[in-house]
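Take a look at the letters that make up each chain.
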Amino acid sequence: MGSATTGAIAVAAESTVATRMSAPPSFDVADFPVPHGREEEWRFTPLERLRGLHDGTAVATGEGVKVDIQAPEGVTVETVGRDDPRVGRAGTPVDRVAAQAYSSFEKASVVTVPKETVLTEPIRIAVHGQGGVAYGHQVVELGAFAEAVVVIDHTGDAVLAANVDYILGDGAKLTVVSVQDWEGKAVHAGQHNALIGRDATFKSFLVTFGGDLVRLHPRVTYAGTGGEAELYGLYFTDAGQHQEHRLFVDHNTPHCKSNVLYKGALQGEDAHAVWIGDVLIEAAAEGTDTYEMNRNLVLTDGARVDSVPNLEIETGEIVGAGHASATGRFDDEQLFYLMARGIPEKEARRLVVRGFFAELVQQIGVADLEERLIARIDEELEAAVA
Amino acid sequence: MATLEIRDLHVTVEADNTTKEILKGVDLTVKQGETHAIMGPNGSGKSTLAYALAGHPKYTVSSGTVTLDGENVLEMSVDERARAGLFLAMQYPVEVPGVSVSNFLRTSATAIRGEAPKLRHWVKEVKEAMERLHMDPSFAERNVNEGFSGGEKKRHEILQLELLKPKIAILDETDSGLDVDALRVVSEGVNRVRESGNVGTLLITHYTRILRYIKPDHVHVFADGRIVESGGAELADKLENEGYEAYVKGGASA
Numbered sequence: 070m071g072s073a074t075t076g077a078i079a080v081a082a083e084s085t086v087a088t089r090m091s092a093p094p095s096f097d098v099a100d101f102p103v104p105h106g107r108e109e110e111w112r113f114t115p116l117e118r119l120r121g122l123h124d125g126t127a128v129a130t131g132e133g134v135k136v137d138i139q140a141p142e143g144v145t146v147e148t149v150g151r152d153d154p155r156v157g158r159a160g161t162p163v164d165r166v167a168a169q170a171y172s173s174f175e176k177a178s179v180v181t182v183p184k185e186t187v188l189t190e191p192i193r194i195a196v197h198g199q200g201g202v203a204y205g206h207q208v209v210e211l212g213a214f215a216e217a218v219v220v221i222d223h224t225g226d227a228v229l230a231a232n233v234d235y236i237l238g239d240g241a242k243l244t245v246v247s248v249q250d251w252e253g254k255a256v257h258a259g260q261h262n263a264l265i266g267r268d269a270t271f272k273s274f275l276v277t278f279g280g281d282l283v284r285l286h287p288r289v290t291y292a293g294t295g296g297e298a299e300l301y302g303l304y305f306t307d308a309g310q311h312q313e314h315r316l317f318v319d320h321n322t323p324h325c326k327s328n329v330l331y332k333g334a335l336q337g338e339d340a341h342a343v344w345i346g347d348v349l350i351e352a353a354a355e356g357t358d359t360y361e362m363n364r365n366l367v368l369t370d371g372a373r374v375d376s377v378p379n380l381e382i383e384t385g386e387i388v389g390a391g392h393a394s395a396t397g398r399f400d401d402e403q404l405f406y407l408m409a410r411g412i413p414e415k416e417a418r419r420l421v422v423r424g425f426f427a428e429l430v431q432q433i434g435v436a437d438l439e440e441r442l443i444a445r446i447d448e449e450l451e452a453a454v455a
Numbered sequence: 002m003a004t005l006e007i008r009d010l011h012v013t014v015e016a017d018n019t020t021k022e023i024l025k026g027v028d029l030t031v032k033q034g035e036t037h038a039i040m041g042p043n044g045s046g047k048s049t050l051a052y053a054l055a056g057h058p059k060y061t062v063s064s065g066t067v068t069l070d071g072e073n074v075l076e077m078s079v080d081e082r083a084r085a086g087l088f089l090a091m092q093y094p095v096e097v098p099g100v101s102v103s104n105f106l107r108t109s110a111t112a113i114r115g116e117a118p119k120l121r122h123w124v125k126e127v128k129e130a131m132e133r134l135h136m137d138p139s140f141a142e143r144n145v146n147e148g149f150s151g152g153e154k155k156r157h158e159i160l161q162l163e164l165l166k167p168k169i170a171i172l173d174e175t176d177s178g179l180d181v182d183a184l185r186v187v188s189e190g191v192n193r194v195r196e197s198g199n200v201g202t203l204l205i206t207h208y209t210r211i212l213r214y215i216k217p218d219h220v221h222v223f224a225d226g227r228i229v230e231s232g233g234a235e236l237a238d239k240l241e242n243e244g245y246e247a248y249v250k251g252g253a254s255a
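Protein chains in written order, with the working numbering: chain A, 70 to 455; chain L, 2 to 255.
FYI, nobody ran anything at the bench for these hints, they're computed from the structure.
These numbers come from a predicted model, not from an experiment.
Keep in mind that a hint or two might mislead.
Stated by the list, open to error - Below, in silico cross-link-like pairs of lysine-lysine (BS3-like), each with a Cα-Cα straight-line distance of 30 Å or less: (1) Lys254/A x Lys184/A; (2) Lys168/L x Lys128/L; (3) Lys216/L x Lys415/A; (4) Lys415/A x Lys125/L; (5) Lys135/A x Lys242/A; (6) Lys415/A x Lys128/L; (7) Lys176/A x Lys254/A; (8) Lys59/L x Lys128/L; (9) Lys216/L x Lys168/L; (10) Lys119/L x Lys415/A; (11) Lys168/L x Lys415/A; (12) Lys216/L x Lys21/L; (13) Lys239/L x Lys415/A; (14) Lys239/L x Lys32/L; (15) Lys32/L x Lys166/L; (16) Lys239/L x Lys216/L; (17) Lys216/L x Lys25/L; (18) Lys176/A x Lys242/A.
Based on the provided sequences and hints, a complete structural model is requested.
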């Protein structure tokens, strides 16, 4: 069904998690053939716009991105090599670009929140593009019963492939907000791995506004029973932008939970959003409770959504499993209805889009960030009307 | 006193690459405090009149004038018409996902009144209006028209009518699809607004049933894109007994 044309909504089906990947996971880029675009994991991605991240021609320029980490007291920030055991511990690259990032980064940064440390201020990681090509790797590790909020803020212009590992100790609580607020030409791809300890809670927000192409791959696995993952996403895809979020939740451990909600608004010619939600409940994962949902709001003609929820269940002994995908249009009739109640056109659009995103934004819990995101949503709308 | 004047209104729509004239010269004056019923068979153009007055982009006014207190309505955008005092209760209100009824009502009232209503007063005002229409308070937290039953949609339209207090209210087949109980509740709402004496009402309907609850001052028969007969309430009785046959033979098509 992925052949839908302008303004169309395609919900593909019938491909399984196991058959999605064209090569087994590996840290070595040489283990992955250069994709040609027809592979399951690449079929939605315009490869030519990856600017060489996928075929080895993108060479790091040394002026790729500037990374600035602000951490509250008690948090350790280290710069390490790829031989550090924490690097890659949360997950192995599953596609060529992620493996390229792993093979090409110079130094990884490791942010550690010691056990039982409860932070009251967020850890802020600013990744500012300097216009060049860069590869990166970041690790955030929380010791047992530690609690932290991490904001990773991507701005500027870059061609960046970077992976992030989140390692949660037993009972830890980590909230991560990754904001892709890139300038218009930026390209950003990467794999975000979370390894969730026993009774730990991982809450993630991916917020994508900018860039020419953003392709992120959040993955979750559980290291012990009782783990919980809440994966939220918000994207605002404008004319010409390709924004792709591919999730994988691997329920490999009994009695864990996952809840996924991604919401996107699209506007403009050739705005393209891709959402893949793969959930695998392995035979051992009895007592699993999972739900995933993707909702899209298409504001104008010419935009396209590919939304592919996919649930694979290997045991019947579960609490619950479900998925849904819904794509609606903000159409002329809605606009007429709101305007017929005196509401000016711009405000009518703002009302609908703010309302659509509100339930996600309000859950972030970082006040200045929430305000900024709402302001960015309004800006996106202003740009469209203008 | 607010007056809506419609003079020789011609309206066309584009369909299948052809332009079709739906309204063929409508003349009507509605004054504040008056209630006019427009009755007619399906396809006569009644709803087109309603949507053209509200400014729906699908309809093109090819000639004629519409003024509200002398102001040219046809030059106004849809939202400007609403702020000038025109209200259209729609036959098929659309769903607006992501926007709660309470947020919608407040945004609308703010736009119409020119300032945000004071929150405490507003909450009370909405609550009381909803009680009068037998609406559960949880209604306010639902998304506009999403999953509403036919009766809920119409109550929601009349709720807006009560809160927005227009000068001219156009009710487009508000009675269609309602059972008798819902029709009574909705009619009571319309009557409350009429009793204020501040609204001119244009009641568009296919059936005479609603006129047992809402008594019109004037009844107009609409056929083939224009008003073909006007009279008092007794004209509705005639239609009740004789139907529209006398007006459609060789006349209106779908």
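To see whether the hints hold, each was checked on the structure:
no. : hint                : in the structure
1   : Lys254/A x Lys184/A : violated, 41 Å
2   : Lys168/L x Lys128/L : holds, 23 Å
3   : Lys216/L x Lys415/A : violated, 39 Å
4   : Lys415/A x Lys125/L : holds, 29 Å
5   : Lys135/A x Lys242/A : holds, 28 Å
6   : Lys415/A x Lys128/L : holds, 28 Å
7   : Lys176/A x Lys254/A : holds, 25 Å
8   : Lys59/L x Lys128/L  : violated, 35 Å
9   : Lys216/L x Lys168/L : holds, 18 Å
10  : Lys119/L x Lys415/A : holds, 23 Å
11  : Lys168/L x Lys415/A : holds, 25 Å
12  : Lys216/L x Lys21/L  : violated, 34 Å
13  : Lys239/L x Lys415/A : violated, 48 Å
14  : Lys239/L x Lys32/L  : holds, 25 Å
15  : Lys32/L x Lys166/L  : holds, 15 Å
16  : Lys239/L x Lys216/L : holds, 15 Å
17  : Lys216/L x Lys25/L  : holds, 28 Å
18  : Lys176/A x Lys242/A : holds, 27 Å
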